[in-house]
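Enquirer: Sequence:
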Amino acid sequence: MYRTMRKYINIIAAGIFILSVISCKKSFLEVVPKGKLIAQTYQDYNLLMNTSEFYLYPSYGPYEAAMIMGDDVAALDVYYNSARSNAATALFRWDANIFMPGNASTGNSEIPIFLRTMLLNIYTCNKIINEVMDATKGTEQQKLELLSEAKAQRAFIYIQIINYFGKPYNASTVSTDPGWPIVTSTDITATNFKRNSLQEVYDFIIKDFKDAIPNLRVQQDFPTRMSKAAAEGLLGKLYLFMGNSTAKSFNKLSYEQIADYDQLFRFKMRHLLLEILKHIYQLDVYISVARVAEERNYVFPQAVDQAEHLIRLTELYHPLVKNAKSNSIDMTPDKNIVFLTGANMAGKSTFMKSLGIALYLAHMGFPVAAAKMQFSVRDGIYTTINLPDDLSSGNSHFYAEVLRVKKVAKELGSAKNLFVIFDELFRGTNVKDAYEGTIAITEAFAKKPNCMFVVSTHIIEAGEVLKERCSNINFVYLPTVMENNMPRYTYKLEHGITADRHGMVIINNERILEIIRSKKNKPTSS
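Position 260 of the sequence shown, counting from 1, maps to 260 under UniProt numbering, and the rest follow consecutively.
Don't take every hint at face value.
[Stated by the list, open to error] Mimicking DSS-like on lysine-lysine, the simulated pairs with C-alpha atoms at most 30 Å apart in a straight line are:
id: 1; residue 1: K492; residue 2: K335
id: 2; residue 1: K137; residue 2: K207
id: 3; residue 1: K447; residue 2: K432
id: 4; residue 1: K410; residue 2: K447
id: 5; residue 1: K447; residue 2: K406
[Claimed, not checked] Label-pair restraints from in silico Cβ distances:
id: 6; residue 1: A324; residue 2: E443; range: 28 to 36 Å
id: 7; residue 1: Y399; residue 2: R266; range: 49 to 57 Å
id: 8; residue 1: F222; residue 2: D284; range: 23 to 31 Å
id: 9; residue 1: G233; residue 2: T490; range: 57 to 65 Å
id: 10; residue 1: F165; residue 2: I38; range: 31 to 39 Å
id: 11; residue 1: F222; residue 2: I258; range: 21 to 29 Å
id: 12; residue 1: I287; residue 2: F165; range: 24 to 32 Å
id: 13; residue 1: D330; residue 2: N485; range: 35 to 43 Å
id: 14; residue 1: L283; residue 2: E140; range: 39 to 47 Å
id: 15; residue 1: K194; residue 2: T173; range: 17 to 25 Å
id: 16; residue 1: D334; residue 2: I385; range: 23 to 31 Å
id: 17; residue 1: K167; residue 2: L283; range: 26 to 34 Å
Just so you know, the hints here were simulated from the structure itself, not pulled from any lab data.
Glycine is no exception: its CB is placed at the ideal position from the N, C-alpha and C atoms.
With these hints in hand, go ahead and build the complete structure from the sequences.
Expert: Pasting the structure below:
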């Protein structure tokens, strides 16, 4: 019984074994694991050119975040690493040391990581260059374009390598300066590499570009892929590195190529080019502004909460006055009016212009001629300095002033937070009307604590009245110092109302009355 049972068990086991062998259609080794790709077709090699490795670690620059997502990517390493590197951070911060140096115990330097990525990318390019023409599927032209793209990409990688680790190009020493091993094979078992000279590396790069450019596509499907224009630009940049500004980086374009570029730039990519130009214009402005700020020692203002209704300027001066004297001024809701007095030529108009220019530039985000500036953003800026009459409309100087004040009054009535400058308010009329108008308008301004006003005048009597009626007016003046009956102007603000009355002194110093009375100016008898 035991022997019979054992016999049946052996027969069943043998049957199961035979059935399992027969049912196996493929060897386990023939199954390609998911997530891994063995390049065989043109499309396989094309996907390799989309690898994010080309645009993350190698450049440490604008491509840092240019990552292609989806199923249209092939990479030698399917496990994607973060692009947030110490080198990228160091570049952003303008640190002296770009790569993390590491130490002997941890060996965590970024340089080996960088080199590993560079070598891996060279291997990818070499693989495409050496194999794509024998790939299945795809036209010969498509394969040639891909081969050219890989050559241009390899040249770009070598440019980065020699810029990171090679000496600057020097025609007298380049043939002996150490460069980098030129690798064109895909032999992963190779361990012995010859370090080529810097000249050999430059020649290799130029040859790759020149071989690639004629067959590169004008427009790529992805912005990170190498186009004809990109390769031509990189080759031109390489010539600049070499100090050769006269070399032709590419052959003369044919009529068909020119027509293609014309169609591309003027129609297909017009909106993109205009967008690029807009950013170039902005960069041009930023560079110019930064240069002016650095050369002239200007300061960038600090914008504070609008609810503070604040303007605080330290050592403000006029940006176009040579050896200008600086002044400081604070304006807050409890001192929102600056009542400025001073003699003629004491500097009142220049000070107000300096203040207006600084506030206007601050609202544009530009630097100002001051040591420090804080301000609350205003809804509008109005200035009335040297207001002319309007002969075409029949408006006198005084009526032009009245219309200007009326316009400001309407804006104030709409609850806007304004900054207003009036230079010598109502100087176009008689003294009595100017006196009464200055008091009435300034007193009305004082009831708008969220707005800021600068009012200058020669009618110092109006200041005395306003000092008794309003507590939120800051009375300042620009003094005149008399030395041997000659005026000297300090151009420095002082608190209070001026008592200077030097008009007749100046008239007498210029001897105007003597000139009028002199015999030389008497009419001759006929």
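Enquirer: Is it true that the C-beta distance of K194 to T173 lies inside 17 to 25 Å, as the hint says?
Expert: The hinted range 17 to 25 Å holds for K194 and T173, with Cβ atoms some 19 Å apart.
Enquirer: Quick one: are I287 and F165 within 24 to 32 Å, going by C-beta?
Expert: holds, 30 Å
Enquirer: Is the hinted pair K137 and K207 satisfied, with a Cα-Cα distance of at most 30 Å?
Expert: holds, 28 Å
Enquirer: May I ask you to test the hint 39 to 47 Å on the CB atoms belonging to L283 and E140?
Expert: Once the Cβ atoms are compared, 42 Å apart, the range 39 to 47 Å for E140 and L283 holds.
Enquirer: If I claimed the Cβ atoms of A324 and E443 lie 28 to 36 Å apart, would that claim hold in this structure?
Expert: With a Cβ separation near 33 Å, A324 and E443 satisfy 28 to 36 Å, so the hint holds.
Enquirer: Taking the CB of F222 and the CB of D284, does the distance hold inside 23 to 31 Å?
Expert: Because 28 Å falls inside the window, the suggested range holds.
Enquirer: Using the beta carbons of F165 and I38, state whether their distance is inside 31 to 39 Å or not.
Expert: holds, 33 Å
Enquirer: Quick one, are K447 and K432 close enough, alpha carbons at most 30 Å?
Expert: holds, 24 Å
Enquirer: Keeping to a limit of 30 Å between CA atoms, is the pair of K447 and K406 held or broken?
Expert: With Cα atoms ~16 Å apart, K447 and K406 stay inside 30 Å; holds.
Enquirer: Please check whether D334 and I385 have a Cβ separation lying inside 23 to 31 Å.
Expert: holds, 26 Å
Enquirer: Take a look at whether the Cβ-Cβ distance between K167 and L283 falls inside 26 to 34 Å.
Expert: Given about 30 Å between the Cβ atoms, the range holds.
Enquirer: Go ahead and decide if the range 49 to 57 Å is satisfied by the Cβ distance of Y399 to R266.
Expert: holds, 53 Å
No hint from the list above goes unmet by this structure.
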